[in-house]
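*Asks:* Residue numbers (full-length UniProt numbering), protein chains in the order written: chain A, 1 to 377; chain B, 1 to 377.
Honestly, the hints are just simulated from the structure, not real lab data. It should be emphasised that the depicted structure is a prediction, and the values quoted were computed from it without experimental measurement. Hints are supplied without guarantee of correctness; some may be wrong.
With a straight-line cut-off of 25 Å between C-alpha atoms, the simulated SDA-like cross-links for lysine to any residue are [as the list claims (entries may be wrong)]:
{"id": "1", "chain 1": "A", "residue 1": "K247", "chain 2": "B", "residue 2": "D288"}
{"id": "2", "chain 1": "B", "residue 1": "K247", "chain 2": "B", "residue 2": "G237"}
{"id": "3", "chain 1": "A", "residue 1": "K247", "chain 2": "B", "residue 2": "A292"}
{"id": "4", "chain 1": "B", "residue 1": "K212", "chain 2": "A", "residue 2": "H203"}
{"id": "5", "chain 1": "A", "residue 1": "K212", "chain 2": "A", "residue 2": "P119"}
{"id": "6", "chain 1": "B", "residue 1": "K247", "chain 2": "A", "residue 2": "D288"}
{"id": "7", "chain 1": "A", "residue 1": "K247", "chain 2": "B", "residue 2": "A22"}
{"id": "8", "chain 1": "B", "residue 1": "K247", "chain 2": "A", "residue 2": "D117"}
{"id": "9", "chain 1": "A", "residue 1": "K267", "chain 2": "B", "residue 2": "V194"}
The chain contents come next:
Protein chains: 2
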Amino acid sequence: MSFVVQPQAMHFDGPLALRSGASISGYTLAYETYGALNAARSNAVLVCHALNASHHVAGVYEGQPGSEGWWDNMVGPGKPLDTDRFFVIGINNLGSCFGSTGPADIDPATGRSRGADFPVVTVEDWVEAQALLLDRLGITRLAAVMGGSLGGMQALSWPIQYPDRVAHAVVIASAPNLNAENIAFNEVARRAIVTDPDFHGGHFYEHGTVPKRGLRIARMIGHITYLSDDVMNTRFGRELRDAVAYKYTTQDVEFQIESYLRYQGDKFSEYFDANTYLLITRALDYFDPAAAYGGRLADALAGCQTRFLLASFTTDWRFAPARSREIVRALLDNRLDVSYAEIDAPHGHDAFLLDDPRYLNLVRAYFGRVAAEVGAA
Amino acid sequence: MSFVVQPQAMHFDGPLALRSGASISGYTLAYETYGALNAARSNAVLVCHALNASHHVAGVYEGQPGSEGWWDNMVGPGKPLDTDRFFVIGINNLGSCFGSTGPADIDPATGRSRGADFPVVTVEDWVEAQALLLDRLGITRLAAVMGGSLGGMQALSWPIQYPDRVAHAVVIASAPNLNAENIAFNEVARRAIVTDPDFHGGHFYEHGTVPKRGLRIARMIGHITYLSDDVMNTRFGRELRDAVAYKYTTQDVEFQIESYLRYQGDKFSEYFDANTYLLITRALDYFDPAAAYGGRLADALAGCQTRFLLASFTTDWRFAPARSREIVRALLDNRLDVSYAEIDAPHGHDAFLLDDPRYLNLVRAYFGRVAAEVGAA
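The task is simple: from the sequences and hints, build the whole structure.
*Replies:* Structure follows, in structure tokens:
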């Protein structure tokens, strides 16, 4: 049984200026905190979430069995990121659909959901919004920022945007930008959603519909890219669902892998907002801190003082180890302090959420060092 | 300018018994032949096609510029498979949509398109149908059977089904079966088609609709798996279509790769039959000659006398070189004559259709040997 936590919400009048040139006023961020901020306010760790996760990083909600946070194996009392030592903050990103203001919410100005008119948000915008929330919590400097995948991009962007506000950045299974194949998968998922007749140009709320067909397809595609070839073959292989013989059908389920993907797609389409999916995949597409420096990531990181831990997983083909090594190289070019581990794990991109002891111990050891620095050891 | 060819059609009363237990009567196969059958009828080469190709392997149609066959760089006068030496046959597979009887065609028994009621066809069924067509052409033994990808599966199945009828099999960029990831991609594509409201359970012909949304998504997914990460990065990378700055849009095209995929999807949805797509991806899923032998491919190939050429491409992640090596190993276990080349090419699965000189020279050299054997050198 994990520890009990409560979500909170903080309202901001704004306006928050976004990278797109648009701005957003009167928004709310859902967040959670675990552990206690020390007197020096020096033990705060921000955990950033990826595509379909939220501020609910760890712990459970009272009376809700199975409500463990998405990184409950990593964060909590006695866990690698130990909430007995650190004050941990999780924030649902602006534009998401788990409590922070997003496309589904009613815009007070119009009395309608913004839907597809919700402004495009970027990783940099999220970092700005997170910084404003930390200001309100009285946290001027983070002991660390940490995230995996898209969360890792935020952890990478923090030291670029706020070099003085973050001592350590822990960037797991991430990349300095998306490559063409990553963008391609995002685009197919977006097309599936946008071309679903129930999408209604992104204003489906008013039509009482949800583009579930598109969301299902988007999630199925995503899921394939989260898993390695190896783990798919080990878990599913060519196993038939009914384990007798081929039924010879084009539309019904024949193989276990089909059943699994359909289930994942169905489940996702019940809770995830379609416009949020578009926004978050675009935030992924747009992230590219090196772009403003002629593609030189080292130049983007030039002003950083932050120390880094990076980890990647050998079978991750979504954000392959080579992508993490690009970041490591750019950090070393700046003579920054960086630890890097390439973890031999069969689980593909999903590995960053799983219980690999070498991985968890690596993070534990790193945060042990951070704890000693901030007097929380 | 390529040589001019003409498609032909051959009608069969049937019934053709299918692996599913169903059968089909009164069907037509579209085919083309190039070159001349020699007096000994010993120089025939059957070329099998993959998912979206056809019997139009090589040459052009009179008065139709740009109508080159899908393997025109491989097959023709003076080409690696030289039609001055060989009598080459291309057959559109049963269930396809380029002239052979398929789901879109009117069933004379009902006066309606069979649509989703068209029986499920397998690689083995196609080989049976091809053998019957060859019977009618008076060809009892093939000098060679050749194919890439799904075409390679047919080339692999020929010696298993007809060990006495094929001297050589040329199996390019293929696999002994699909793995879980391959099936997963097929399933997502099928779901996109089947859940398109214009699909109408596979009877869209009667509704005057075409499930183009689904076909577009299916093709976009397929296309990603045909290309390597490398070639995508080289050709598209993160290049913007309008090459100025981000437009910050979730629904419009921003990157070149998006534009390219949308174009491929649109084009495909204009000409390809949705039910054929389901059938052919299922034929891929079902192919697994080792299954009847407890998963031992070597046992499936035990009766073969055929000699083999296999080739794979280093960056092909759809049917990776390891999949070809499984076939090579099973052949060697049977002490069969096998040549195998792993070609270092950046183009992914698509490489089997492209002009890589090492690859084309490899096939040329192999067919030179076959030509000498049949007295066509």
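*Asks:* Decide, hint by hint, whether the structure agrees.
*Replies:* Hints and how they fare:
no.	hint	result
1	K247/A with D288/B	holds, 15 Å
2	K247/B with G237/B	holds, 18 Å
3	K247/A with A292/B	holds, 16 Å
4	K212/B with H203/A	holds, 22 Å
5	K212/A with P119/A	holds, 22 Å
6	K247/B with D288/A	holds, 15 Å
7	K247/A with A22/B	holds, 12 Å
8	K247/B with D117/A	holds, 14 Å
9	K267/A with V194/B	holds, 19 Å
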